[in-house]
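Participant: If you use the UniProt record's numbering, the sequence shown closes out at 473, no skipped numbers anywhere.
Hints were generated in silico from the structure; no laboratory data involved.
So the derived label-pair ranges between C-beta atoms look like this:
no.: 1; residue 1: E347; residue 2: A448; range: 38 to 46 angstroms
no.: 2; residue 1: E366; residue 2: G135; range: 49 to 57 angstroms
no.: 3; residue 1: A460; residue 2: G217; range: 27 to 35 angstroms
no.: 4; residue 1: H348; residue 2: G217; range: 21 to 29 angstroms
Please read these numbers as outputs of a predicted model, since none were measured by experiment.
Idealized CB from N, CA, C, for every residue including glycine.
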Amino acid sequence: MRPTTATTATASTTATAADGTSAVTVIGYGPAAHRLVQRLRHHGHRGPVTVFGAEPQPAYQRAQLTSILDGTLSAGALTLAPLPADVEVRTGTRITAVDPRRRLVRAEDGTEHPYGILVLATGSRPVLPHLAGAGRHAPGLRVPHTLRGARPVTKGPVVVVGGGLRGTETAYALGRAGHDVTLVHPGAHPMHRLLDGRAGALVTAALREAGAVAETGRRVVAVEPGKALLDDGRLLAAGTLLLCTGSAPDTALARTARLAVRHGVVVDDRLRTSDPYIYALGDCARPAGRHHGSLESAWDEADALARTLCGADSGPVAARYVVRPRLPALAVLGPPDALHAPGDRDEHVVLSDPARGRYGRLVLREGRVRAGVLVGLDRAVATVGRLYTEDRPLPPDRLALLLGTDEEYTGGSALPDTAVVCHCNNVTGKDLRQACRQGAHDLPAIAAATRATTGCGTCAEAVRRICATAAAS
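Build out the structure end to end from the sequences listed, making use of the hints.
Facilitator: Rendered as structure tokens:
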């Protein structure tokens, strides 16, 4: 029996030109998809927009799931702002197949939905290790990849398996919340693919100060009720076992459409897939010739694709990779391979002050940041990060910049009005100063007025500094 069609429109009559009138269908309702739809309307897109999300709830800020685990935020606090009323959002609807020939998507219930332009924003799926005794319903075992797996941790010792970005953030947050936490990671130090050894040592120290122990160079090989077995034979108490063992692009839907897939949906520098009517962005995509996967790169992609679908060629998506983990004054700039294997023409700037928990390493080319890692240098995180994303040259005194003593660059008043401070909500320096002048003088008031800090939360220190400068002027 042929599946029913959910709407009377047909693909053959749907506008397909990327001119601001095309019918756009978005598969996936994570932050990247949410941002894309917001920017479509911002740039004047007039055609119908439909969003399908497999999860039952509206879009939420996945980067803040650790705040659910440690109990500092409720699930509702992560919900992103509602999309415009004329956007059709279908939550709890899983799309299982794409038919490019007929330009239709098929839902799990058998209904078919035509599209003019299709955008895949299916995100990532967790990569889980084989652990003896870890069945689907093993007590205390969780995968905090979505809201469903990110229930608050209440009591008992916690073992976090995997010390990548999310695992390290999770261990740090739970340690600060007073939990007995052990982070088990096979690498030499947490986030070893992103950080060099000196930065990794400082992150390990920050975890220890927060109350979390890092067991590096070790793996969990089996679980039993209330315990986790390490590969050296030791047993760890584990009332809760959190699997933060990485993720991979979710390409299942792209494969049903026979799109080119290679460690992600292959897209060009304008996010076009191998099908002219299908685009992809966010964690599911593999952009040509550049590193990918940070929240800010997803924002850049959403902005660029929105302009493209409105008929404006915004040019290639900027290759700016920025990771700001939810740990104090930590940032990774540029692709990790540029940091770990710099070129012969690159200039190196290193500041190391382990006694005070400070470290900065920059790889420069022609005076501009090509890659870098910053730990414990809160002003440099904000300033160097801005110079990197704007592709601007650094001042001659690199040391003053890293230490935050170059007022021309690091003073709060020096931030241009147009500079985006909160990338999650597109809040600029001008927005923050205006909110301060109108009476918002602390972080909760600023957040209420502008939504700054309500996304991933890593801009909080920069927001405080800008508002303090504005209040004093």
